[in-house]
Amino acid sequence: MTALSRGARALFLLGAAVFFGLPLLWLLLAPTRTADDLTTGSPLGFGSLGNVGDAWSHLTSYNDGEITLWIGNSILYAAASVALALALCVPAGYALAKHAFAGRRAVLTLSIVTMILPPAALVLPLYLEMSAINLTGTVWSVILPLSFYPFGVYLAFLHFQANLPDSLLDAGRVDGASELRLFWSVALPLARPAVALIAFFGFVRCWTDFFLPFVMLSDDRTFTLQLGLMSLLQSTGAVNNSSGFADLDIHQPEAALAGLVACAPLLIGFVLAQRFLRTGLLAGAEKG
Amino acid sequence: MKTLTTSRPPALTNAAPPPSRRGRRPARATAVWILVGPYTLFLALFGLAPAGYALWTSFVDNGSFSGGRDWAAVFHDYRLGDAAAHVTTYLLLWLPILLLMVLSLAFTLHARPGRTTSTLQLVYYLPGAVTGSAAALLWLFMVSPDTSPFSPLLRLMDIESATDALSGGNLIAVLTVMGVAVHAGGWIVVLYGALNALPKDVLEAAQVDGASAWRTMWHVKLPMVRTYVAFVLISSFASGSQVFVEPTVLSTSAPGQISPTWSVNQLAYVYATQDGDFGKAAALSLAMLAVGVLAAWIVITRTHMYATHPSDSR
Numbered sequence: 092m093t094a095l096s097r098g099a100r101a102l103f104l105l106g107a108a109v110f111f112g113l114p115l116l117w118l119l120l121a122p123t124r125t126a127d128d129l130t131t132g133s134p135l136g137f138g139s140l141g142n143v144g145d146a147w148s149h150l151t152s153y154n155d156g157e158i159t160l161w162i163g164n165s166i167l168y169a170a171a172s173v174a175l176a177l178a179l180c181v182p183a184g185y186a187l188a189k190h191a192f193a194g195r196r197a198v199l200t201l202s203i204v205t206m207i208l209p210p211a212a213l214v215l216p217l218y219l220e221m222s223a224i225n226l227t228g229t230v231w232s233v234i235l236p237l238s239f240y241p242f243g244v245y246l247a248f249l250h251f252q253a254n255l256p257d258s259l260l261d262a263g264r265v266d267g268a269s270e271l272r273l274f275w276s277v278a279l280p281l282a283r284p285a286v287a288l289i290a291f292f293g294f295v296r297c298w299t300d301f302f303l304p305f306v307m308l309s310d311d312r313t314f315t316l317q318l319g320l321m322s323l324l325q326s327t328g329a330v331n332n333s334s335g336f337a338d339l340d341i342h343q344p345e346a347a348l349a350g351l352v353a354c355a356p357l358l359i360g361f362v363l364a365q366r367f368l369r370t371g372l373l374a375g376a377e378k379g
Numbered sequence: 051m052k053t054l055t056t057s058r059p060p061a062l063t064n065a066a067p068p069p070s071r072r073g074r075r076p077a078r079a080t081a082v083w084i085l086v087g088p089y090t091l092f093l094a095l096f097g098l099a100p101a102g103y104a105l106w107t108s109f110v111d112n113g114s115f116s117g118g119r120d121w122a123a124v125f126h127d128y129r130l131g132d133a134a135a136h137v138t139t140y141l142l143l144w145l146p147i148l149l150l151m152v153l154s155l156a157f158t159l160h161a162r163p164g165r166t167t168s169t170l171q172l173v174y175y176l177p178g179a180v181t182g183s184a185a186a187l188l189w190l191f192m193v194s195p196d197t198s199p200f201s202p203l204l205r206l207m208d209i210e211s212a213t214d215a216l217s218g219g220n221l222i223a224v225l226t227v228m229g230v231a232v233h234a235g236g237w238i239v240v241l242y243g244a245l246n247a248l249p250k251d252v253l254e255a256a257q258v259d260g261a262s263a264w265r266t267m268w269h270v271k272l273p274m275v276r277t278y279v280a281f282v283l284i285s286s287f288a289s290g291s292q293v294f295v296e297p298t299v300l301s302t303s304a305p306g307q308i309s310p311t312w313s314v315n316q317l318a319y320v321y322a323t324q325d326g327d328f329g330k331a332a333a334l335s336l337a338m339l340a341v342g343v344l345a346a347w348i349v350i351t352r353t354h355m356y357a358t359h360p361s362d363s364r
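Those protein sequences? They're chains A and B, same order as listed. Heads up: the first sequence begins at 92 in our numbering, then just goes up one per residue. Heads up: the second sequence begins at 51 in our numbering, then just goes up one per residue.
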């Protein structure tokens, strides 16, 4: 690689980093500043850590620290749905990629259809379905629909299709391994990067999903973090000054802090998933 | 290039028949349905059943067949034309830019992987992690020249206030920038993961043959991740034609500036939540689905996405 192309590459990557990174840097600094300073001060100014503490105590003063309850709920819903989604997606994606069976095309086609179906059309029927079996308001009304994850099936399908050589499976068959054994001992260990990717995107989806819990849950003690923070911020008019009550000290810095709290797990999840993605476990898999 | 990876000799299975030849086929079919069955059950319960119900309600009102009344009402809604025009313009701007950003950044990162690569991926992912009210706050401040770290760029575009940014032709540009910032990172991760999982020997072979980085990307890597690119295209087309988050977020932070029915999906939400008319919401959602499925079908048949063996894709 010449010095010129190396320089162009670095400049391109750096420019993109500024474009994607600056909004977050601003959001990271926002809770350290006061609401006034946000509108009049310099765009990337740093206020004080004391302001962050104040903003946090304002957030937790809402309904005796209900925010910690929401964090716990979000973790529970997301962990359960992701675990269930992985157990459903990965074997299904493997079978769809590596076996020609009757109904295969139908499952693939119907999966993509439900994947691109607008949520506006799905959520109300889901509510009626859940209320028909008396599950609305319970954790199951959120966990079960979220663990149906056609996007994850597609990621698994594409991964096995492109990266698992048939020769490896045939070798296992010659050795007398059963089909289920082949999945468990050959395909699955090699698919760790894909599993990490699906787990990460599944987690992001469960963590950020708003409309489904919004429709299913009515008691604010069962709310997810997204749901709770949104109702907190909207009822106090932190984002839109024209509505809300003024008796709670919830303004722009609090909204920024709430946003950071809500996206912190996604960033941690990203770092954890990336560790698996970088290892490139498939290297040399076929040569052995 | 697939022939390099799949070295399966065709005679292998015939040459060494497994001892339990009898009953093998049924056993394999059982195994397949053990693997795919549970997911199929969930697909039926939480995908097909609600979708079928939506289709039903778009034709049936209060227990009696209403013909295409809901559909006709939707297509005669004066707001639909504007919304469809907005979404079409948005797609024409956003989809090519997004695809170009995702492909160029994923390939540039993959050309020389290292520790900085993972840091950069995280940075590119950051705007996608901010949702809800925080996103509304963030983007309102980002488009206000007084507070934005991008103020020189905004002033270059003749934007003096947030009102300027959200009015006239500027709005579509702001929505596009926001749409790219929010969605690109996730796809970069998916594509980079796909590139990372490619068999190393093929890439090494290209290098030994003296292929330049550019040729390797264009003639070796891109064809090998072709199905992933198809997947990005299908999903992005669907999510772009159903654009909801970006206009909603900007309109909650600046009420009155952006129509609550700016996009088609927003119109569907207005039917469902404000009018309480689920029949019309379902009809419009299904119309959007039809557009997405048509696009998906074109991409799938063009790229042979459903092939079980690499040779099928020829």
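To be clear, the hints were calculated from the coordinates, so they are not data collected in a lab. None of these values were measured; they are calculated from a predicted model. For glycine and all other residues, C-beta sits at the position ideal for the given N, C-alpha and C. Please note: incorrect hints may appear among the correct ones.
[Said to hold, decoys possible] What the simulated footprint calls covered on chain B by chain A, stretch by stretch (three residues with Cβ under 8 angstroms from a Cβ of chain A suffice, anywhere in the stretch; the number is not a length):
1. 128-142
2. 152-162
3. 181-189
[Said to hold, decoys possible] Listed next, with one range per pair, are the computed distances between beta-carbon atoms:
4. B:T139 x A:R272: 46 to 56 angstroms
5. A:G144 x B:R165: 53 to 63 angstroms
6. A:R272 x B:Q324: 49 to 59 angstroms
Structure-based check of all given hints:
1. 128-142: It is violated: at least three residues are needed, and the region 128-142 of chain B offers just 0 whose Cβ sits closer than 8 angstroms to chain A.
2. 152-162: With 6 residues closer than 8 angstroms to chain A, the region 152-162 of chain B meets the three-residue bar; holds.
3. 181-189: Since three or more residues must qualify, the claim that chain A covers the region 181-189 of chain B holds, with 9 doing so at under 8 angstroms.
4. B:T139 x A:R272: 46 to 56 angstroms: Because 54 angstroms falls inside the window, the suggested range holds.
5. A:G144 x B:R165: 53 to 63 angstroms: Since G144 of chain A and R165 of chain B have Cβ atoms about 34 angstroms apart, the given range 53 to 63 angstroms is violated.
6. A:R272 x B:Q324: 49 to 59 angstroms: Because 55 angstroms falls inside the window, the suggested range holds.
In the structure shown, a violation is registered for the earlier hints numbered 1 and 5, in ascending order.
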